[in-house]
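Engineer: Here is how the chains run, residue by residue.
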Amino acid sequence: MASGRVVITGQGWVTPLGFDVGSVWSKLIASACAIGPVRRWDASTFATNFAAECPTLDLFDFLDRAAALHPGAGLGTRFALAAAAQAWVQAGLGSHDGAERAPGVEPDRVGLYLGSGEGQVDTANMAATNIAAYDAEARKVDTRRWAEVGLKRMDVVRELEQEPHAVLTHLAEAFDCRGPGFNCMTACAAGTQAVGEATHLIRRGDADVMIAGGSHTMIHPLGMTGFIRLTAMSTRRDDPKGASRPFSRTRDGFVMGEGAGMLILEDLDHALARGATPLAEVVGYGASADAFRITDIQPDGKGAQAAMRMALRHAGIDPRETDALGRPAVHYISAHGTGTQENDAIETRAVKGVFGEQAPRIPFSSVKSMLGHLIQAAGAVELITCVQAIRTGWVPPTINLHDPDPKCDLDYVPNEARDMTDFWGPGAGGVDVAMSNGFGFGGQNNTVVVRRYTA
Amino acid sequence: MRRRVVITGIGVVSGLGPDARSLWSGLLEGRSGLRPVETFDATGYSSHLAGYAAGFHAKDVVPKHYRKAVKVMARDIELAVGAAMDAVAGAGLVTRASGAADGETTYPPDRVGASIGAGLIATDVDELAPAFAASVDDDAPGEFSLRKWGEAGINRLQPLWLLKYLPNMLACHVTIIHGAEGPSNTLTVGEASGLLSIGESSRIIERGDVDCAFAGGAECKVTPMGFLRTQLAGRLASTRDASGEPIDDGGRVVRPFDPESPGTIVGEGGGILIVESLETARARGREAYAEVVGFGAAQSRAPYEAMAIGARHADGSVPGSLELGEAGAETGLVSAIRRALDDAGIGPESIDAIVPRGLGVAGPDAREALALREVFADRLAGIPIVTVTPMVGDLSAGTGGVLAAVGALCLKEQTLPARLHAGNHPSWLDVAPAPARAAKLEYVLCCSPALGGQNAAIVLRRA
Numbered sequence: 001m002a003s004g005r006v007v008i009t010g011q012g013w014v015t016p017l018g019f020d021v022g023s024v025w026s027k028l029i030a031s032a033c034a035i036g037p038v039r040r041w042d043a044s045t046f047a048t049n050f051a052a053e054c055p056t057l058d059l060f061d062f063l064d065r066a067a068a069l070h071p072g073a074g075l076g077t078r079f080a081l082a083a084a085a086q087a088w089v090q091a092g093l094g095s096h097d098g099a100e101r102a103p104g105v106e107p108d109r110v111g112l113y114l115g116s117g118e119g120q121v122d123t124a125n126m127a128a129t130n131i132a133a134y135d136a137e138a139r140k141v142d143t144r145r146w147a148e149v150g151l152k153r154m155d156v157v158r159e160l161e162q163e164p165h166a167v168l169t170h171l172a173e174a175f176d177c178r179g180p181g182f183n184c185m186t187a188c189a190a191g192t193q194a195v196g197e198a199t200h201l202i203r204r205g206d207a208d209v210m211i212a213g214g215s216h217t218m219i220h221p222l223g224m225t226g227f228i229r230l231t232a233m234s235t236r237r238d239d240p241k242g243a244s245r246p247f248s249r250t251r252d253g254f255v256m257g258e259g260a261g262m263l264i265l266e267d268l269d270h271a272l273a274r275g276a277t278p279l280a281e282v283v284g285y286g287a288s289a290d291a292f293r294i295t296d297i298q299p300d301g302k303g304a305q306a307a308m309r310m311a312l313r314h315a316g317i318d319p320r321e322t323d324a325l326g327r328p329a330v331h332y333i334s335a336h337g338t339g340t341q342e343n344d345a346i347e348t349r350a351v352k353g354v355f356g357e358q359a360p361r362i363p364f365s366s367v368k369s370m371l372g373h374l375i376q377a378a379g380a381v382e383l384i385t386c387v388q389a390i391r392t393g394w395v396p397p398t399i400n401l402h403d404p405d406p407k408c409d410l411d412y413v414p415n416e417a418r419d420m421t422d423f424w425g426p427g428a429g430g431v432d433v434a435m436s437n438g439f440g441f442g443g444q445n446n447t448v449v450v451r452r453y454t455a
Numbered sequence: 001m002r003r004r005v006v007i008t009g010i011g012v013v014s015g016l017g018p019d020a021r022s023l024w025s026g027l028l029e030g031r032s033g034l035r036p037v038e039t040f041d042a043t044g045y046s047s048h049l050a051g052y053a054a055g056f057h058a059k060d061v062v063p064k065h066y067r068k069a070v071k072v073m074a075r076d077i078e079l080a081v082g083a084a085m086d087a088v089a090g091a092g093l094v095t096r097a098s099g100a101a102d103g104e105t106t107y108p109p110d111r112v113g114a115s116i117g118a119g120l121i122a123t124d125v126d127e128l129a130p131a132f133a134a135s136v137d138d139d140a141p142g143e144f145s146l147r148k149w150g151e152a153g154i155n156r157l158q159p160l161w162l163l164k165y166l167p168n169m170l171a172c173h174v175t176i177i178h179g180a181e182g183p184s185n186t187l188t189v190g191e192a193s194g195l196l197s198i199g200e201s202s203r204i205i206e207r208g209d210v211d212c213a214f215a216g217g218a219e220c221k222v223t224p225m226g227f228l229r230t231q232l233a234g235r236l237a238s239t240r241d242a243s244g245e246p247i248d249d250g251g252r253v254v255r256p257f258d259p260e261s262p263g264t265i266v267g268e269g270g271g272i273l274i275v276e277s278l279e280t281a282r283a284r285g286r287e288a289y290a291e292v293v294g295f296g297a298a299q300s301r302a303p304y305e306a307m308a309i310g311a312r313h314a315d316g317s318v319p320g321s322l323e324l325g326e327a328g329a330e331t332g333l334v335s336a337i338r339r340a341l342d343d344a345g346i347g348p349e350s351i352d353a354i355v356p357r358g359l360g361v362a363g364p365d366a367r368e369a370l371a372l373r374e375v376f377a378d379r380l381a382g383i384p385i386v387t388v389t390p391m392v393g394d395l396s397a398g399t400g401g402v403l404a405a406v407g408a409l410c411l412k413e414q415t416l417p418a419r420l421h422a423g424n425h426p427s428w429l430d431v432a433p434a435p436a437r438a439a440k441l442e443y444v445l446c447c448s449p450a451l452g453g454q455n456a457a458i459v460l461r462r463a
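Respectively, the protein sequence lines represent chains A and B.
Letter by letter, the first sequence follows residues 1 to 455 in our numbering.
Letter by letter, the second sequence follows residues 1 to 463 in our numbering.
In short, the hints are calculated from the structure, not lab data.
This one's a predicted model, so the numbers in the text were calculated from it and none came from an experiment.
Just so it is clear, CB atoms sit at the ideal spot from N, CA and C, and this is done for glycine as well.
Be a bit skeptical, because a hint or two may be false.
With beta-carbon atoms standing in for the labels, derived distance ranges [said to hold, decoys possible]:
#1 V94/B <-> E342/A: 54 to 60 angstroms
#2 R147/B <-> D58/A: 26 to 32 angstroms
#3 E137/A <-> T39/B: 17 to 23 angstroms
#4 D58/A <-> S427/B: 48 to 54 angstroms
#5 L160/B <-> A136/A: 23 to 29 angstroms
#6 D60/B <-> P404/A: 48 to 54 angstroms
Kindly produce the complete structure, drawing on both the sequences and the hints.
Structural biologist: Next comes the structure, spelled out in C-alpha cells:
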C-alpha cells in the first residue's frame, strides 16, 4: 500500500557545465558560465551563433557495455541515459542494465514519466531533398521527386529517433521499466510537468518508483532557426558569456542550452523498506494554462500564479505566512527566468502576486544565466538545483546581473552564490522548502515544491 | 471514494468527415475514407492513398475572431481545434468560444483542463523548400550551405514558423479558444498518446484539480514527410494490384491482424472527448455517452528495434513475412489491459467488445492480437472486435481519441459498426467483414499500443 508520500532518492545531471551533480553544483556555486560559440556545426552566419553546448559525452562512462544502445541513438537519448544512470545508481536501485536489481524492485512497478523533446532534424538530408525537389520557376515542390530523393537519402533510424517517445523506449529497455510510460511535450514546462505528474502516479499506487525528468537539444540548425525567427534568443554575438542575463535591464533574450535532468521518485515506504536515503520530498505540484495568446504571456502572470498557488496548496503552504523563526514559507525559488524581456518581468509580477510582502525576502535566481535554457530538460535540471539548495544550504546565483531592471525588483541572488546560514536572522537560515517554476511557450505553466525530508 | 468520470462530448475529424456524426455514419455504412491523395502528388510512394478530411479547414469552424490564428496552425493543430469545437457543441458546453464572458461559461475557466496527444509534426515542404533553395552553396551547385542558410535562408521563413510545429500547440490553441485555464498537458507517446491523455484527464478530475477536460489527440500523416517516415519504417502498404494497376479504394487494402498484411495506409485525424465528473455533469442535466471506469498503462519488455523498424527482421525483409507464432505478445499491453480491468473492478469476462489499434501491419498487429489472447484466452473468439483502420487509416497520435470516441458511441447506440477487412485473420479473432448490428453492450475495452512499446487501455461502461 502506498504511503501517499513521494521522495526523491536519486538524481542525475547532464548539463553544459558537466555530467555529475557534485561537480556541476560546485561550478554553479562558483558562478561558472558554459556559454560560448557553437562548436558542433558552423553557426557563424546565424544571428545567434552561440549556445551552451554539453561537453562530449562518452556513454560508457555511465553505462555498461551490456546495455550498449542502438548505434543510431540521438543526442537527446544519450543525455537521458547518462542522467538516468546516475540517478539509478545513486538511488541504489542496482546496476543500470537490470542485471543486478535491488531486491523488492519489480520491473512492473517501475515507470517512466519524461518530458523529453524531439530528436535532432537530419538537416543535411532534409536540405538536399528539398533543394532537389524545388521547382524554382513554379515556386513549388515537386512532391513526386521529393519522395524519390527523400526515400533514397533519409535514414529510418534517424527519422524514428526524432519521435518524442524514442527516449522513453531506450530508457525502458536500459533499466527494464515495465510500469506506465509517459512523455510530455509542454515545451519549456515539460521537465517540471513530468516530475509533478510522476508524483501523482506514485501517489495513486500505479508505480513504486518512477524515473522522471527531461532531456533535449535544440542546438541544431533548424532548432536555432526557429527561435532566431521568433527573436526570442539573445543576439549578443560579441559577448556570449554575458548574453544570458535574466532580470537585467539590458537582457535581450534567452541562450540555448541542452542536456538532461533525471530524478528517481519513490513511494516513501518503498524507499525506506529497501534502505534508500530520501534526498528530499516532493510535496506540491501545480499546473495551469494561460489560455491567453500563442505568442504572449498573460501580462499579470495569471497562469503562472495559478500553477504556483495550486502547488503550494497541495503542499499545505500558505505563501503569505512566516514560520516560527520569521522565515518566509518558501526559502528558495528556482526561476523560469529565461532572460526575455517579457518572461522575467511577468514572472516577477506573478511571484509578488502569490507571496505578497514575503516575495522580496525569498532568494529567486535563474541558473539559465550559467547553463542557458535547456528547453524541455530545463524544469528537471532546475528542480535538482532546489534539492541541492536544501542539501547544501547554498543557493546559486543569477550571473550577469549588473544593471537590474527596475521592473524586476526581487532578490535574484545577483552574481554570487549565497550561504543561507542565518540569512533571515541568527538561527533563522537554511533552505528547507524550495520551488521550481517552468512556463512553456503557448501558456502551459507548472510548479513543483520540494521539502527537506523529515520522518 | 474517488470521483466518477463520464464522457459527455465527442469530437472527431477524420477521413470519413469533419465531425463525429460523419465518422459514425461512415462506420455504420462500412464506408472507407481511404482514397487517392489530392492535396499533393503522392505517386512517389508505395501507396497513393490516405485517409484525409477533404474539405475540412479549421478557419470554417473556429470563432470569427480566431480565424487569423489559423495561419500559424499546422494541419495537426487544425484537426485538434476542429475536433474540440465538435466535442464542445455535442456536450452542450458554453465556453469562451461562443463569446461568453468568464462568468457565463458552464464551468469557471480554472475548472477546465486539457490533455491532448500529439505527434512529431512535419514541417510543410512548400514553406521549407524555398528557404533551402535560397541556401545553395555558391561554389558547389546543388549543395546546401549552412552559411548561406544563416544569411539568406532563415529569413525566408515566416517569423512564427516554429510555433506552427510545436506539439504543445494543439492543447494551447484549444485552451485559448475555449478559455480553459486548468492544468494542460501534451502527451507525445505515439499511438498510445490519445488513450493516455484520456486516462490522465480522468485522473486529474478524480483528484479534484478540475471538473471537466478536453482529452484525446490528433495527428496528420498525410504529408510528404508522413508518407516518407511510414514507408521508411516498412509500414506503408502497396496500393497496386498484382497486375500493377492502382487500387483506389483503401478498404480493399488494409487488413488488420492479417499475418500476411503488407502494411497500412496513413491518415489524418483527431478525436477529442469532453470528460467531466459525473456529479457536475448531472448537476447541469447532461446525459453521458459512457463512463470511464478503468485506465491502465504499461511498457513492454521489447527491444528498441520494435520501434526502430517495426517488426522487420534483422536481414531487412519486410514485416509481412513475420509469422504470428514468431511475434510474442506485446507484454506491456497485457499488463495495461489487466491494470485497466482491475481499475474498473471487473474481470475479462465482463468485456463485450474491444476497440484495438489494429494497424494493418503484420508484426505489430500480431503482438497486439497475442496480447488480447493472453488476457481473454478462449473467450476472445466470441468478443466482437471493432476495427477502424480500414476506414480512417493509421492516425498515430490521433488513434486513441478516435478509438475512445468509437467505443463510447458503440455503448451509447448499443450498436456495433460495420467492419471492412481485405485479407485473412486468425480464426480466434472476430474481425471478419460484417455489417453494422445491434448489440447489448455493457463494457467496452479500448486499447492502443505505441510502436515504441508504450501501451494504454481504458474500459468504458454504458452510462
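Engineer: So which of the earlier hints does this model not fit?
Structural biologist: Of the numbered hints, just 1 does not hold.
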